[in-house]
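Can you make the complete structure from the sequences, with help from the hints?
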Amino acid sequence: MRHLIDILELSVEEIDELVAVANDIIANPEKYQEKCRHKKLATLFFEPSTRTRLSFEAAMYELGGNVLGFSEAQSSSSAKGESVADTIKVVSSYADIIAMRHPKEGAPMVASMKSDVPVINAGDGGHNHPTQTLTDLLTINREIGHFDNITIGFCGDLKFGRTVHSLASALSRYENVKMIFISPEELRIPEHILKETLEPAGIEYVETTDLMQYMGELDVLYMTRVQKERFFNEADYIRLKDSYILDLEKVHCMKEDACVLHPLPRVNEIAIEVDEDPRAKYFIQAKCGKYIRMALILKLLEIK
Amino acid sequence: MIIGNITNGIVLDHIQAGKGMEIYEVLKLSELSCTVAMINNADSVKMGKKDIVKINEVIDLDLDILGYIAPTTTVNIIKDGKVEHRKRLQLPERVVDVITCKNPRCITSVERGLKQSFKLTNREKGTYRCIYCESEAK
Numbered sequence: 001m002r003h004l005i006d007i008l009e010l011s012v013e014e015i016d017e018l019v020a021v022a023n024d025i026i027a028n029p030e031k032y033q034e035k036c037r038h039k040k041l042a043t044l045f046f047e048p049s050t051r052t053r054l055s056f057e058a059a060m061y062e063l064g065g066n067v068l069g070f071s072e073a074q075s076s077s078s079a080k081g082e083s084v085a086d087t088i089k090v091v092s093s094y095a096d097i098i099a100m101r102h103p104k105e106g107a108p109m110v111a112s113m114k115s116d117v118p119v120i121n122a123g124d125g126g127h128n129h130p131t132q133t134l135t136d137l138l139t140i141n142r143e144i145g146h147f148d149n150i151t152i153g154f155c156g157d158l159k160f161g162r163t164v165h166s167l168a169s170a171l172s173r174y175e176n177v178k179m180i181f182i183s184p185e186e187l188r189i190p191e192h193i194l195k196e197t198l199e200p201a202g203i204e205y206v207e208t209t210d211l212m213q214y215m216g217e218l219d220v221l222y223m224t225r226v227q228k229e230r231f232f233n234e235a236d237y238i239r240l241k242d243s244y245i246l247d248l249e250k251v252h253c254m255k256e257d258a259c260v261l262h263p264l265p266r267v268n269e270i271a272i273e274v275d276e277d278p279r280a281k282y283f284i285q286a287k288c289g290k291y292i293r294m295a296l297i298l299k300l301l302e303i304k
Numbered sequence: 001m002i003i004g005n006i007t008n009g010i011v012l013d014h015i016q017a018g019k020g021m022e023i024y025e026v027l028k029l030s031e032l033s034c035t036v037a038m039i040n041n042a043d044s045v046k047m048g049k050k051d052i053v054k055i056n057e058v059i060d061l062d063l064d065i066l067g068y069i070a071p072t073t074t075v076n077i078i079k080d081g082k083v084e085h086r087k088r089l090q091l092p093e094r095v096v097d098v099i100t101c102k103n104p105r106c107i108t109s110v111e112r113g114l115k116q117s118f119k120l121t122n123r124e125k126g127t128y129r130c131i132y133c134e135s136e137a138k
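These protein sequences, in sequence, are chains F and B. Quick note on my numbering: the first sequence kicks off at 1 and runs consecutively. Quick note on my numbering: the second sequence kicks off at 1 and runs consecutively.
Think of the hints as simulated: they come from the structure by calculation, not from any bench. A portion of the hints provided could be inaccurate.
DSSO-like cross-link-like pairs, simulated, lysine-lysine; straight-line CA separation at most 27 Å [what the hints assert, rightly or not]:
| hint | chain 1 | residue 1 | chain 2 | residue 2 |
| --- | --- | --- | --- | --- |
| 1 | F | K159 | B | K125 |
| 2 | F | K195 | B | K119 |
| 3 | B | K115 | B | K79 |
| 4 | F | K159 | F | K250 |
| 5 | B | K125 | B | K87 |
| 6 | B | K138 | B | K102 |
| 7 | B | K125 | F | K195 |
| 8 | F | K114 | B | K102 |
| 9 | F | K114 | B | K115 |
| 10 | B | K49 | B | K102 |
| 11 | F | K40 | F | K287 |
| 12 | B | K119 | B | K28 |
| 13 | F | K89 | B | K87 |
| 14 | F | K159 | B | K102 |
| 15 | F | K114 | B | K54 |
| 16 | F | K299 | F | K40 |
| 17 | F | K39 | F | K89 |
| 18 | F | K89 | B | K119 |
| 19 | B | K119 | F | K159 |
| 20 | F | K35 | F | K89 |
| 21 | B | K87 | B | K119 |
| 22 | F | K35 | F | K195 |
| 23 | F | K299 | F | K114 |
| 24 | B | K28 | B | K87 |
| 25 | B | K138 | F | K195 |
| 26 | B | K49 | B | K82 |
| 27 | B | K138 | B | K49 |
| 28 | F | K159 | B | K138 |
| 29 | B | K46 | B | K87 |
| 30 | F | K195 | B | K102 |
| 31 | B | K119 | B | K102 |
Among the chain B residues that face chain F by a calculated CB cut under 10 Å, a handful are [as the list claims (entries may be wrong)]:
| hint | residue |
| --- | --- |
| 32 | Y24 |
| 33 | C106 |
| 34 | I107 |
| 35 | S109 |
| 36 | V110 |
| 37 | E111 |
| 38 | G113 |
| 39 | N122 |
| 40 | T127 |
Quick reminder that beta carbons are idealized off the backbone N, C-alpha and C, glycines included.
Shown next, in the form of structure tokens:
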């Protein structure tokens, strides 16, 4: 039995296989509509989410399966003080697979240690979010066509932005990937990701506070939101929340075939006017999330 | 000061000065019924000062914990008054319930009954990270 807690648990070959299955689902959805008949996905969301939870649920429904679960901690027994371990022991006796989001980092790992069924980490605090990374990879695959030989800029909250950490780690396993980390000083990418993941992999990277400095070189610009829920101090959040705003004028400095991604939800960091630009791919990205999760559910349930 | 040699037992030598008491506590040596000698700030050619612990009995030692707290330690097993076996320690791959994760966002801060577990992520720098949230041990 396999779980998915950290994107690096999947080999490059397995990611290629998931991307291929997702592409096949997009091309031939009817082939997959009964694959998970009589299977149940439990979505345990101890922290609010729209996209991730709904895309997991849509994915399971499109595979012909069913969904049960909760969408906030207040409607679960954790509000009564139940431990993650106990919740999972119970839920794994009701469901065939579990998708779990939790504000505490490492909670899905604890769940996987106690579960009788596969557990998917649907986001744990500011730590990991592997299915968002799979979503990002599927979008890059469909829009750029390859993972090797790309220059990707990450912009915004790179300190707490778990999607950035996971995507940078995943891309570090491909050839000739250049990474540009654009953030305010206070929200720089954690040093351990640079020193323990990117440098040993031989990844060329640059850190800058200037969004425009490398704009013309980028194949992918990955924008992120400064997340209010990650700050203990509201004053810090207010000071940093509008550090970078991508507008149409800036997008026009990008290559014609570049793409702008964002894990969503956005607040102010991408102007609405950018949505109409052909480089804006974040809504396509959200759609890719459903298909890659379908592929992942099939893989973890070992359904061919 | 003279502390006699032991015939059968363990000598923990080359302990970084000041770490001896920590080892004494972590290895729960106070619970032993045999003679235990603690020598602090002994002169050392190699280290300047060092601590030494002598245990007058061969016991099972948790070498992982010892390696984490005091990696310079050499463990000498003494039999019939002679060093039968000498072991140099190295940083263990895992340490359990020795370090506490300081990240307030870590699941270990709230989950009952969860062991604090850290893995070695950089041997050269001796960096340990929580297996749950990957925060560096402080």
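Here is what the structure says about each hint:
no. : hint             : in the structure
1   : K159/F to K125/B : 22 Å, holds
2   : K195/F to K119/B : 16 Å, holds
3   : K115/B to K79/B  : 36 Å, violated
4   : K159/F to K250/F : 24 Å, holds
5   : K125/B to K87/B  : 22 Å, holds
6   : K138/B to K102/B : 7 Å, holds
7   : K125/B to K195/F : 11 Å, holds
8   : K114/F to K102/B : 24 Å, holds
9   : K114/F to K115/B : 14 Å, holds
10  : K49/B to K102/B  : 31 Å, violated
11  : K40/F to K287/F  : 22 Å, holds
12  : K119/B to K28/B  : 23 Å, holds
13  : K89/F to K87/B   : 43 Å, violated
14  : K159/F to K102/B : 17 Å, holds
15  : K114/F to K54/B  : 42 Å, violated
16  : K299/F to K40/F  : 15 Å, holds
17  : K39/F to K89/F   : 18 Å, holds
18  : K89/F to K119/B  : 26 Å, holds
19  : K119/B to K159/F : 22 Å, holds
20  : K35/F to K89/F   : 26 Å, holds
21  : K87/B to K119/B  : 22 Å, holds
22  : K35/F to K195/F  : 42 Å, violated
23  : K299/F to K114/F : 20 Å, holds
24  : K28/B to K87/B   : 21 Å, holds
25  : K138/B to K195/F : 18 Å, holds
26  : K49/B to K82/B   : 24 Å, holds
27  : K138/B to K49/B  : 25 Å, holds
28  : K159/F to K138/B : 19 Å, holds
29  : K46/B to K87/B   : 17 Å, holds
30  : K195/F to K102/B : 21 Å, holds
31  : K119/B to K102/B : 15 Å, holds
32  : Y24              : 32 Å, violated
33  : C106             : 5 Å, holds
34  : I107             : 4 Å, holds
35  : S109             : 7 Å, holds
36  : V110             : 6 Å, holds
37  : E111             : 6 Å, holds
38  : G113             : 7 Å, holds
39  : N122             : 6 Å, holds
40  : T127             : 8 Å, holds
Consistency note: the structure conflicts with the earlier hints numbered 3, 10, 13, 15, 22 and 32.
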